[in-house]
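Trainee: Sequence:
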Amino acid sequence: MATMATAAINSVPHGSNLLEAAAEIYDMYANGGTDREHVLTSIEGYHHDGEWNGDARELAHYIRHPGAAGLENETAVVDDLARHFSTPYNPHGEAMGHPETFALIGYAPVNDNIPGRDNWSPSVVFAVQRLHTTGDYRNDRYALYSPYDGAFLYENFNQLAYAISNTPLNEPDTPNPVHAYTSYYAMQNVLQHPMAEERLGDIGGSYGMPALPTLRPQSSGGAAPPMAMPSLTPPRADLPPPPDFDQPGPSGYQPRPRDDLKRSADTEGERQPMALYRPSIVTPAELKKLGRFSAEQTPLGKVNLDLHNFDVATNPSVIDGAGYLGTFRKLETAQQNPALVDAKNGYVYAVAPTPNMVDVNASLSANARNPDTGEVAAMGRIDYTQIRGWQKMENGKLGKFTANPDYRWDVYDQTRTAGAQPQLSRFAADNPAWSDSAHRPFATTQTHNDTTTYVPTQEPNLTQATFYNHALEKIGYLNDQQAKGQDYRGPVELIAHNGAYGTLQANVHTPAGQLFSPNGPGNTDVTVTNRAADVGGYHTFRMGDDGRFHTKVLGEDEVLRVGSDGFLNLDYAPKDPQNRNGVFRYQDNRLVHEEDHKVLTYSNAGYAYVSDHDYDSSYSQWKLTGSSNKSYAPPKSIYSYHDNSAGSARTQYEFDKDPDLALPTGATHFVTSLPGGPSTYEDTGSFIRNATQDQQQERANWLNRNNAALLFKDGFYLTATGEHTLEVRNLQGNTIKTVQTDAASQNDASGIKSDYSISDRTWSRLQSEQDRRKKFEELSKTAYAAQ
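For the sequence shown, full-length UniProt numbering begins at 1 and goes up steadily by one.
The set of hints was computed from the structure by calculation and includes no laboratory data. As the structure is a computational prediction, the values presented were derived from the model and not from experiment. Fair warning: there could be bad hints in the mix.
Unchecked claim - So the derived label-pair ranges between C-beta atoms look like this:
{"no.": "1", "residue 1": "234", "residue 2": "585", "range": "41 to 49 Å"}
{"no.": "2", "residue 1": "577", "residue 2": "747", "range": "37 to 45 Å"}
{"no.": "3", "residue 1": "753", "residue 2": "585", "range": "21 to 29 Å"}
{"no.": "4", "residue 1": "618", "residue 2": "747", "range": "47 to 55 Å"}
{"no.": "5", "residue 1": "449", "residue 2": "747", "range": "40 to 48 Å"}
{"no.": "6", "residue 1": "511", "residue 2": "572", "range": "46 to 54 Å"}
{"no.": "7", "residue 1": "484", "residue 2": "743", "range": "43 to 51 Å"}
{"no.": "8", "residue 1": "665", "residue 2": "775", "range": "23 to 31 Å"}
{"no.": "9", "residue 1": "757", "residue 2": "579", "range": "46 to 54 Å"}
Using N, Cα and C, we set each Cβ at its ideal position, and we do this for glycine too.
Using the sequences and the hints given, assemble the complete structure.
Mentor: Here it is, written out as structure tokens:
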């Protein structure tokens, strides 16, 4: 029934109101022939698209936005209509606002079992139009369209209210009560930011993102036909199988317990799940051809997390819309999606987390509707190579898991979601949700006629665009690192002196008659050997996140260890997380043993050992390579870090992987310099000592206005925690010094001492990101000024 109401309002531009539009549709249907075929095709298109995607309800030149959900009686529905039709929609605190024109009123049975959604049934949807014949909503005329009874015209709001009030939500003794929900369409009648009409996928040029294909003509009654999209991470023919990939079973799986090194210390919850789940009727073959699930055709002005959450909550078959693609933490939630259940046949895709995916509940806080769905929404895109695999659903039952042969584990085993991103909420200006602690840093307040409104600190279209670009920039960075052979986690061979002498090989000596494989220094050794002459032993290893070289021996994971005599052997990894035996750091083509800082080398007899005096020997030079003879550098392990002034070893390890993990609450990015200041500061102390009180206040204003934190190379950053308050914190978030900019000048930096420096590689990455962000924002402001 939502289909008919949507079709009706989309026909209004061809008539003057819902009454005439409904009559036009009826006449076309009654005429038969091609007219009837057009009407049926149009309605079928709306039904098909609307079953999965909330964007099927969009209307050109109008702003669709949430109304209310869970309205329990007719009076509540009338009150909601009165509130919206009497007041222009004010999304960004504009002086005028956008007059409300259309409303959709949906009626659906209450379902307390939201995660499973077993008993959910489609809603009945009515459409209401205010005709704007007068400025007073009470005396204005209204049209109402009912999918059962047709269209009606009312001379004032009271007549409309009477009609709605006499359509009871719940009869006495109703076994399954019905609630109502509303959504509205406001005229797009004010000056728009020039980015508002740009497609989400078109705004990344200064970030180096591939451009979208030209949009094809829209088919009658439906969305634009799908088209192949460029990928940031195209499939790699030379990519070996994923290391230690646990395939899910036929009934789903729980992510295996990850060791401490693979977990993020994220207080918002798990940001790196093994997989998130997405229902779809798109086949894997079709998806591979398209390149990805995409919402990048969405104009920036319509990218709206709050609206997306409203669509998913009020119509549980919908998973996409308002610029976002739905995934869920629980397999059961995806499996029981009503549209997938209705189709009977389809797929549930296991999707790796990426930084363009946001935790809907954590982002909207207490304002999230139906939080039990556990949705993690992907802004813009889910790449085909991001998908771990899929399970086919036939007749309502899931089959076995099929691994995606094109899954880019080298990139997506490292990525995680963006977690909570409250700045993306896009609440209306009069929504008190802006006042909670999570959202307050991203809006300023205005009071007019005793009414408080909230104005976003950054232009909302720019907020969406910079988040999306930065998220894709992270994926692109990892892809580039893999192309260069950096931070490689795949299988490698350790070639001594660039292949001149041989390959490192672990040898297992199994006594005659013994069925199991022994390990340890008494039963194994490690040598450098010519593989052409000796094909036995274990030549292939992978560097784990623990900094050790792992291999499989009869299906069991073992690592290279260093014995008490300094020679290498093959054994199980130590259980003590503080034990650094077998942990190596790769630098200058040498492998340095972290436990004693000795270098890996080998004797004239070919036995590998660690030495404290052979660093410059050619026997101590190693090339890590694969089947393509390409050189690789493994990632740094946590054991390469030590607790210091910047914070714990864990903090530094995570910061080098993703600097955003160290951001304070209310900041969306780090900057390494500020406008009007030096390109970089020598250290935090020099900033504190040399900045005047006025300069300190200017810095606080700029950081507040841009939701940024100023990072120094010595591992401290400056964050504005109030209008007149600056805090110096280390990467772990500990406050080192507080500066009150409205008090006497505070230039004492004696308590700020550092024994840490951000690596040149991470620092260069941060500076490049800032340059691209600055260029992008300047282009946006220039376009806006010229409009």
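Trainee: The structure should be examined with respect to each hint, and the outcome stated for every one.
Mentor: Verification of the hints:
Checked against the hint of 41 to 49 Å, the pair residue 234 and residue 585 fails, with Cβ atoms roughly 32 Å apart. Here the CB-CB span from residue 577 to residue 747 is close to 43 Å, well matched to the stated 37 to 45 Å. Look at residue 753 against residue 585: about 26 Å separates their beta carbons, and that is inside 21 to 29 Å. Between residue 618 and residue 747, the C-beta spacing of about 54 Å keeps the proposed range 47 to 55 Å intact.
Between residue 449 and residue 747 the beta carbons are some 45 Å apart, a value that agrees with the proposed interval 40 to 48 Å. Distance hint for residue 511 and residue 572: a CB-CB separation of about 19 Å, inconsistent with the stated range 46 to 54 Å. Hint check: residue 484 to residue 743, Cβ distance near 49 Å, so the stated range 43 to 51 Å holds. At roughly 27 Å, the beta-carbon separation of residue 665 and residue 775 lies within the given 23 to 31 Å, and the hint holds.
Remark: the range hint 46 to 54 Å for residue 757 to residue 579 is contradicted by a beta-carbon distance near 28 Å.
Checked against the numbered hints above, the structure violates hints 1, 6 and 9; every other hint is satisfied.
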